[in-house]
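J.: Sequence:
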Amino acid sequence: MRRARSPRRPVGRAVAAAVLAAVPLAAQTPPAAADSVELPALSAVLEPDKPCARASDETAREETWTRQALGLDRSWSLADGHGVTVGVVDTGVGKDIPALQDRVTAVGSADTDCVGHGSFAAGLIAAAPGKGVGVAGAAPAARILAVRGTDKRGKPTPQLLADGIRAAVDGGAKVVYVGRAVPTGKEELTAAVEYATKRDALVVAPFAPDALPVDRATGETEEAAPWYWPAAAPGVLSVMDYGPDGTRPKNAPQTGGADLAAPGDAVVSVGPSGPGHYIGSGASLAAANVAGAAALVRSRHPGMTAAQVSRQLVTASYPALPPRVDPYGALTTVLTDKQASVPSAPPAKIPPEASPRPLNRALLIAGAGGMLVVLVAGAAVVIPRGRARGWRPAGQEEERGTAV
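Each residue of the sequence shown is one higher than the one before, counting from 1 in this note's numbering.
FYI, nobody ran anything at the bench for these hints, they're computed from the structure.
Small disclaimer: the values here were computed from a predicted structure and weren't measured.
Worth double-checking, as some hints may not be accurate.
When the alpha-carbon atoms are kept at most 27 Å apart in a straight line, the in silico DSSO-like pairs for lysine-lysine are as follows [unchecked claim]:
(1) K155 / K50
(2) K50 / K186
(3) K131 / K95
(4) K155 / K186
(5) K95 / K186
(6) K186 / K152
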């Protein structure tokens, strides 16, 4: 049995790590090994000399690590994406995929997928679980609106992506997944996202490309751009990837700015046709998982706006940098836009102004008391002296003594 390898590494086929039994997300340790199968690796862009992707002959039967890490079985007891349409702006979505049967509508020629990337992403979003199959999308009852955002071989342009976003919104999508990140096109893609926002559609996109281009002249990997679009546009929920061990591959684009992280390395989903599966890696696949989680929230809380759904997903996520999406938490957490009020102190009770009557009465009594004291004191002096003189006026006593 071989350890899973990410298709970002130069291998033609990869062992499906996603079919290994996973441990809880909080542990962030590699899953224990179980049965494994060989799955073809997903491509994002086809070289001119390569044929179109075909149906896979292999099927992943064990439950994927992403299904456990996202807690999907528990989330499905509350919502399954019913009533929500997710626009997939990518390479198209194949029309012969049993896990998406009768739930895919296409704009123009987007019902064919030569590359397989759009079909893979649609499976991560909405593939229905099947008997004896361990692969399922986050919102298995959601509908898919396929819109082409690249040429037939997977090469995107800002204008194709912008037109795809608008077409998805016009087609009724309330969640719009964009499978590409480009370093140019700020004006076109910002305007397209604004168009979606005004119509209450949430745009979810990878924060960076799945892999940086290689300079053919030197063979060296090009430097990451400071910003990628549409992820950098206001209102977009941008997503970073992580793998089974909680980390990102060393050769993954190292740049910041993501709003959320989600399983994106060594993940398994459907091919462009048939019941078989592919294995893939990249931020674009992590964004597909978040788009599925957004469909769950919109299904359970249809009254929420796109901005509220985005806030719900970010606020209820696992603490990390960036925070890691937790669909069940987003479905059950109760948020409010009202801030807690600080209790105000009760108004001071000021007594009414005192009446002057008691004061006047007191002054009158004090004055009368004072006069009485003066009178008593005066009497204490005068009466003894008056008795001694026989109550005669002063001076008469001397005259009497002289006469005698």
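J.: If a hint holds in the structure, say so; if it doesn't, say that too.
T.: Each hint tested on the structure:
For the hint linking K155 to K50, the alpha-carbon distance of about 14 Å falls within 27 Å, and the restraint holds. For the suggested pair K50 and K186, the alpha carbons sit about 31 Å apart, so the restraint of at most 27 Å is broken. Restraint check for K131 and K95: the C-alpha separation of about 21 Å stays at or below 27 Å, so the hint holds. Only pairs whose Cα atoms come within 27 Å are accepted, and K155 paired with K186 is accepted, the gap being roughly 18 Å.
As the CA atoms of K95 and K186 are separated by approximately 32 Å, the hinted pair breaks the 27 Å bound. Our distance criterion of 27 Å between C-alpha atoms is met by K186 and K152, whose separation comes to about 23 Å.
Checked against the numbered hints given earlier, the structure breaks hints 2 and 5 and satisfies all the rest.
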